[in-house]
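Protein chains in written order, with this note's numbering: chain A, 39 to 526; chain B, -13 to 97; chain C, 14 to 530.
It is possible that some hints are incorrect.
Said to hold, decoys possible - Below are the SDA-like pairs computed for lysine to any residue, each with C-alpha atoms no more than 20 Å apart in a straight line:
(1) A:K187 x B:Y84
(2) A:K184 x B:Y81
(3) C:K217 x C:T324
(4) A:K459 x A:Y383
(5) B:K79 x A:I182
(6) A:K356 x C:Y68
(7) A:K511 x A:E392
(8) C:K513 x A:I182
(9) C:K502 x B:G38
(10) A:K187 x C:G509
(11) A:K467 x C:R103
(12) C:K411 x C:I341
(13) A:K187 x B:L87
(14) A:K136 x A:L81
(15) A:K459 x C:V146
(16) A:K230 x C:L529
(17) A:K400 x A:E469
(18) C:K80 x C:Y68
(19) A:K459 x C:S343
(20) A:K60 x A:L50
(21) B:K13 x C:K411
(22) A:K184 x B:L87
(23) C:K152 x A:E392
To be clear, the hints were calculated from the coordinates, so they are not data collected in a lab. Keep in mind it's a predicted model, so treat the numbers as computed, not measured.
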Amino acid sequence: MESAVWIILLPLLTAFFLGIFKLYSDKLFYSLVIVSMVIYLYLLILVINDSYPPKVYSIGDWGLLGINLMVDSFSAMFLLIIAILFITVIIFSLNYIKVNKHKFIILTYVMIAGIAGMVLTADLFNLYVFLEVSSMSSYALTAIKKTDKSIESSFKYLIMSTFGSFFILLATILTYYLTGTLNMAEISLEFKSVPFMIKSTIMFFFIFGYGIKIGLVPLHAWMPDSYEASPIPYNVLSSGLVMKSAIYALIRLLYVIFGVEFLTESGILNIGVFWGVLTFIIAHTLAYQQSNLNRLLGYSSIAQIGYITIGLFLGNEKGLIGGSFHILNHGIMKGTLFLVLGIFYYSLKADEIEDIQGLGYKFPVLSFTFVVAALAIVGLPPFNGFVSKWLIIEAAIEAGFFYAAFFILVGTFLSLTYYLKVIIKLYTKTEKKTLIEKPDLSLKLPTFFLGSLCILFGIVPSLPLSLINNIPKFLLNNSEYIRILLGG
Amino acid sequence: MELPYVVVIILFCLGIYTIIMNKNLIKIVVGVNIVESSLILLLILISFKLGGTAPILDRKYELVVDPIPQALALTAIVIGGSFIAVMLALVIKIYKRYGTLNVDEIRKLRG
Amino acid sequence: MITPGFLYLEGALFLFLAINNKIKYIISFLITTGALIITFYLTPGYSLQINFLNYTLIPFRVDDISKLTGLIFTLSGLAAVFYSINISSRSNLQLIFLFIGSSLTVVFTGDLFILYIFWELMEISSSFLIITVSDLTKKTGYYFFLMQAVGGLSLLWGVFLNHSATGSLSLNAIETGIPFFMIAVGIKLAFIGLHTWMPQTYSKVPFYVTVVLSIYTTKVGVYVMYRLLSGINILAYAGLISALFGIVMALKQNQVRKLLSYSIITQVGYMVIGISIGSAAGITGAFFHLINHILYKTVLFMVAGVVIYTTGKENLEDLGILGSKLPITSLATLVAFMAISGVPFFNGYMSKTIIKEALQEPVLIWGLNLMSFGTSLMFLKFIYYAFFQNSNINLNRKPTISMQLGLGFLTIIMILIGINPFLLENLTNIDVDINYFDIKLMLSGIQPFLWSVIVFILLKKYLVKEYRRFIYYDIYREMAKIFVKIGYKLSIYHNGKLSKYLLWATTTLIILLSLLI
Chain A
39 MESAVWIILL
49 PLLTAFFLGI
59 FKLYSDKLFY
69 SLVIVSMVIY
79 LYLLILVIND
89 SYPPKVYSIG
99 DWGLLGINLM
109 VDSFSAMFLL
119 IIAILFITVI
129 IFSLNYIKVN
139 KHKFIILTYV
149 MIAGIAGMVL
159 TADLFNLYVF
169 LEVSSMSSYA
179 LTAIKKTDKS
189 IESSFKYLIM
199 STFGSFFILL
209 ATILTYYLTG
219 TLNMAEISLE
229 FKSVPFMIKS
239 TIMFFFIFGY
249 GIKIGLVPLH
259 AWMPDSYEAS
269 PIPYNVLSSG
279 LVMKSAIYAL
289 IRLLYVIFGV
299 EFLTESGILN
309 IGVFWGVLTF
319 IIAHTLAYQQ
329 SNLNRLLGYS
339 SIAQIGYITI
349 GLFLGNEKGL
359 IGGSFHILNH
369 GIMKGTLFLV
379 LGIFYYSLKA
389 DEIEDIQGLG
399 YKFPVLSFTF
409 VVAALAIVGL
419 PPFNGFVSKW
429 LIIEAAIEAG
439 FFYAAFFILV
449 GTFLSLTYYL
459 KVIIKLYTKT
469 EKKTLIEKPD
479 LSLKLPTFFL
489 GSLCILFGIV
499 PSLPLSLINN
509 IPKFLLNNSE
519 YIRILLGG
Chain B
-13 MELPYVVVII
-3 LFCLGIYTII
7 MNKNLIKIVV
17 GVNIVESSLI
27 LLLILISFKL
37 GGTAPILDRK
47 YELVVDPIPQ
57 ALALTAIVIG
67 GSFIAVMLAL
77 VIKIYKRYGT
87 LNVDEIRKLR
97 G
Chain C
14 MITPGFLYLE
24 GALFLFLAIN
34 NKIKYIISFL
44 ITTGALIITF
54 YLTPGYSLQI
64 NFLNYTLIPF
74 RVDDISKLTG
84 LIFTLSGLAA
94 VFYSINISSR
104 SNLQLIFLFI
114 GSSLTVVFTG
124 DLFILYIFWE
134 LMEISSSFLI
144 ITVSDLTKKT
154 GYYFFLMQAV
164 GGLSLLWGVF
174 LNHSATGSLS
184 LNAIETGIPF
194 FMIAVGIKLA
204 FIGLHTWMPQ
214 TYSKVPFYVT
224 VVLSIYTTKV
234 GVYVMYRLLS
244 GINILAYAGL
254 ISALFGIVMA
264 LKQNQVRKLL
274 SYSIITQVGY
284 MVIGISIGSA
294 AGITGAFFHL
304 INHILYKTVL
314 FMVAGVVIYT
324 TGKENLEDLG
334 ILGSKLPITS
344 LATLVAFMAI
354 SGVPFFNGYM
364 SKTIIKEALQ
374 EPVLIWGLNL
384 MSFGTSLMFL
394 KFIYYAFFQN
404 SNINLNRKPT
414 ISMQLGLGFL
424 TIIMILIGIN
434 PFLLENLTNI
444 DVDINYFDIK
454 LMLSGIQPFL
464 WSVIVFILLK
474 KYLVKEYRRF
484 IYYDIYREMA
494 KIFVKIGYKL
504 SIYHNGKLSK
514 YLLWATTTLI
524 ILLSLLI
């Protein structure tokens, strides 16, 4: 069978068997985890290499009557992010999680299956189903620590996210009603004859529904709470994959189904850019106030998503490349920050900013990784955050949105204020603290790996850009996408 | 022809109103259920054709209702059901920890 | 031929191998002298091109002015590293090397992208140096980094505006974005209004860090101003105002390093005037003044450092130790004082004369004389405390050999340039056409100095008074307070109630839907 289908199936099957093996022995459990991880990595690399020109797989050979999977450059980039973050998080969480370890790993596998499904599918309702699969597992993962705050934050996340899903379902049903098909390519062709007003309404429902999942201000309120109370490996995946898959779905829908001409005509691009600017300015202002490190990083994630929104809503080629590159970079940088924070929490139960005082001298290499990732997220050269921000600003100026480019630079300054606060606290000397647990190699290696990717992608950005440069071809020019989907 | 759609709209808005305005956690969950039901009702409505029969593959019947939304409705019912289950489990846990079901009182996370 | 900056940058990495002090000395000696020799042998006109992200970049280009600046940077880098090598730890030395390396790369760059990247690297390395070097400098380092970041970002915005207008990133085509370049350069060279970071940073960090910072931070600003903004005549008046303000503030200080910082603002005003004239003589004068200024200001900071190292105190009254107990240091102080006041036969006179001759506006010439008068006045106060005021200060420890070596090295170069002013011209094939030993020029050079001696003796009572009350109003701190207050209000607004969050969501939906109509 084709490998793309296995990318969705393998994590599901693994999760099922892990659930059974949990009852037998630990050794069987871990060996299955490692074996499936290696096979999964191999499959992902196979599919990523084969992604240009895009390939279409139809499930069960039903052709256009059934569900099709399509792998193009945008999906391939997300598979790359899954490959990098998933392996790192599983290695990290083998030693890190103490409470409910088996359930955590099983749920993570289900979530990855959901995200992979969302990224690969070319069918509208299938997108909704996989969105719900990944959301359901993330609700459970948020509450896995079973403290008061975890349950409260999980409930708030659940209600708000369901609120958004309703509107996505509503828009999906209306789309089916208008066009009579669920295949993205056919919908796009039929949509040309639908009146303007109705299309705009459906588009707004989609944007609102996905906006809650992405975390645009003021729909963001569940996000910092969920970061504060969840286990840290889940935070890495949440900021790096869950929110980004919602962005993927939104962009895929907007650009393929609605088409760039409709978008420009309806003015949603201006609204999107303005919304992105509003998001990061408010998020940066709020992030300075936080004293809990997880919440601080959560607000910073919201701000970075504002940048990505600006990049992707510009509607020109460079903007799409810049925004997608920032998706990749943000996953790596935020992952590094959260993993370093995880090691601090593991060894010292350090949660607030005051608790990490002086750790720059106790863990020199780890703090250096933290500083590298923090400077990269702020957007200083020579790290990867700077390259993607440069591309977004260039694209904004080319498209004529001067105010957006100016505010991105203001946002860089604002983000420096709170990251510098944390860095200075790291390097302030203090009296000796005793470690509760010493972090061992399986915790440190993933962190250093992600941190080195920060530096690598900054100095040689052509490595990931060779994959990302092909993205606008299929998004901006949706006839290419349609032709391949229908012809295949 | 219009009436069922009006019912859908009324149910949807009622459900949203319940979720936003109600203070009791159980009633919020009930509100979610109402919205879910309204969307499934919408799905059934769009597949209806006047005079059609159930979508069974048989040569005799020519006018059948659209089968795809019925499949979508089944999927949506399953998803909605699992949502309600998780929500109710969380509500039980919240009641054990916080001792109250008032949504305004559970605010340990703020800022 | 590589850019000497990369030698320093690699040196920072090599220092990881320095397990004991001896290897540290050997590595630093090799790197600093190696960079000096490389810079000496660079030939103007060489350039290198690379490709990055579909842009052609020129990371390395040599011409006369950049070679001149590079020479003085590597020379003073040698002296500064020697001065501080005994006192600084290994990681601080690595940050110092990173800082010097990025400054050198900025000097030899050929396009705006590389300029920006290494400008930011300079900021990052100097800020981390300030933050990690001692326990008292955290808030200063925070303020410093934020202000330099504003400068870097406005430089970036200028680069973007320029790129969108002209389509190229090279240094030759500067058309738009001039105000933002002015802000960026102004923050770097501590222009009045944007100078607030300098006195507090230079006076709170350990003295060897001040020496290194003072050499490179402001002078790179002057160099970049030459590259981007030369020839804008109105900036000459701005330079004059900045310089006069520096003099007024300096006369009120009672801390040595703060006085020296305000005098940097004054001297940078000279260079700004020289560059903004735009003629070849003005630019040459400005850059010769840059060389001389680095020499004597570094000597003065090193002297202040010796005083702090040997006595542990740093107010003006404590300078009295110079006259009595430290012979070499006091000789260096005297030479630097003569040089900065523009007395003939010392190096300051030469560069000030070139700038004066290149001016044509009478306001500016009168202003320059006033500046020389003010400068020598404020340093007379310095000399008075050093040699003529009795004080009971004891020596805690003697200055180390490496400190005295660094000090002596620069003093000898100052004396050389002073005695033979044509040395600089011969070294770099620039011809200025002024006879320094002309009686008229020498008279006009020594006049401000003589006036200041007279005024000082007459008004000694007022000038030597100690000003204890300062009006310290920093507009940037006020703006920061407003920002924090807004953030606090917003944060309180998130009060944790789910119904409120859902209400925001519905409001957004209604706003979105109303946009349809």
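Going down the list of hints, with the structure as the test:
1. As the CA atoms of K187 of chain A and Y84 of chain B are separated by approximately 10 Å, the hinted pair is consistent with the 20 Å bound.
2. For the suggested pair K184 of chain A and Y81 of chain B, the alpha carbons sit about 13 Å apart, so the restraint of at most 20 Å is met.
3. With a CA separation close to 16 Å, the supplied pair K217 of chain C and T324 of chain C stays within the 20 Å bound.
4. The suggested pairing of K459 of chain A with Y383 of chain A holds, with an alpha-carbon distance near 19 Å, which does not exceed 20 Å.
5. Between the alpha carbons of K79 of chain B and I182 of chain A the distance comes to roughly 12 Å, so the proposed pair stays at or under 20 Å and holds.
6. The hinted pair formed by K356 of chain A and Y68 of chain C meets the criterion: a straight-line CA distance of about 14 Å does not exceed 20 Å.
7. Between K511 of chain A and E392 of chain A the CA atoms are separated by roughly 48 Å; this puts the pair beyond 20 Å, and the hint is violated.
8. Restraint check for K513 of chain C and I182 of chain A: not satisfied, since their Cα atoms lie roughly 26 Å apart, outside the 20 Å limit.
9. Of the supplied pair hints, the one linking K502 of chain C and G38 of chain B is violated, its CA atoms being roughly 60 Å apart against a limit of 20 Å.
10. The suggested pairing of K187 of chain A with G509 of chain C holds, with an alpha-carbon distance near 12 Å, which does not exceed 20 Å.
11. Distance check on the hinted pair: K467 of chain A and R103 of chain C sit about 17 Å apart at the alpha-carbon level, within 20 Å; holds.
12. Annotation: proposed proximity of K411 of chain C to I341 of chain C holds, straight-line Cα distance about 12 Å (limit 20 Å).
13. At most 20 Å may separate the alpha-carbon atoms for a hinted pair to count; K187 of chain A and L87 of chain B meet this at roughly 15 Å.
14. Distance restraint check for K136 of chain A and L81 of chain A: the Cα-Cα separation of roughly 30 Å exceeds the 20 Å cut-off, and the hinted pair is therefore not satisfied.
15. Under the criterion of a C-alpha separation no larger than 20 Å, the hint pairing K459 of chain A with V146 of chain C is consistent with the structure, at around 17 Å.
16. Distance restraint check for K230 of chain A and L529 of chain C: the Cα-Cα separation of roughly 19 Å lies within the 20 Å cut-off, and the hinted pair is therefore satisfied.
17. A hinted pair counts as satisfied when its Cα atoms are at most 20 Å apart, and K400 of chain A with E469 of chain A qualifies at roughly 11 Å.
18. A distance of roughly 26 Å separates the Cα atoms of K80 of chain C and Y68 of chain C; the hinted pair therefore is violated under the 20 Å criterion.
19. About 42 Å separates the Cα atoms of K459 of chain A and S343 of chain C, which puts this hinted pair outside 20 Å; it is violated.
20. Only pairs whose Cα atoms come within 20 Å are accepted, and K60 of chain A paired with L50 of chain A is accepted, the gap being roughly 15 Å.
21. Taken as a hint, the K13 of chain B and K411 of chain C pair is broken in the structure, with Cα atoms around 81 Å apart against an allowance of 20 Å.
22. Simply put, K184 of chain A and L87 of chain B have alpha-carbon atoms about 18 Å apart, close enough for the 20 Å limit, and the pair holds.
23. Proposed proximity of K152 of chain C and E392 of chain A is supported: the alpha carbons are some 16 Å apart, at most 20 Å.
In the structure shown, a violation is registered for the earlier hints numbered 7, 8, 9, 14, 18, 19 and 21, in ascending order.
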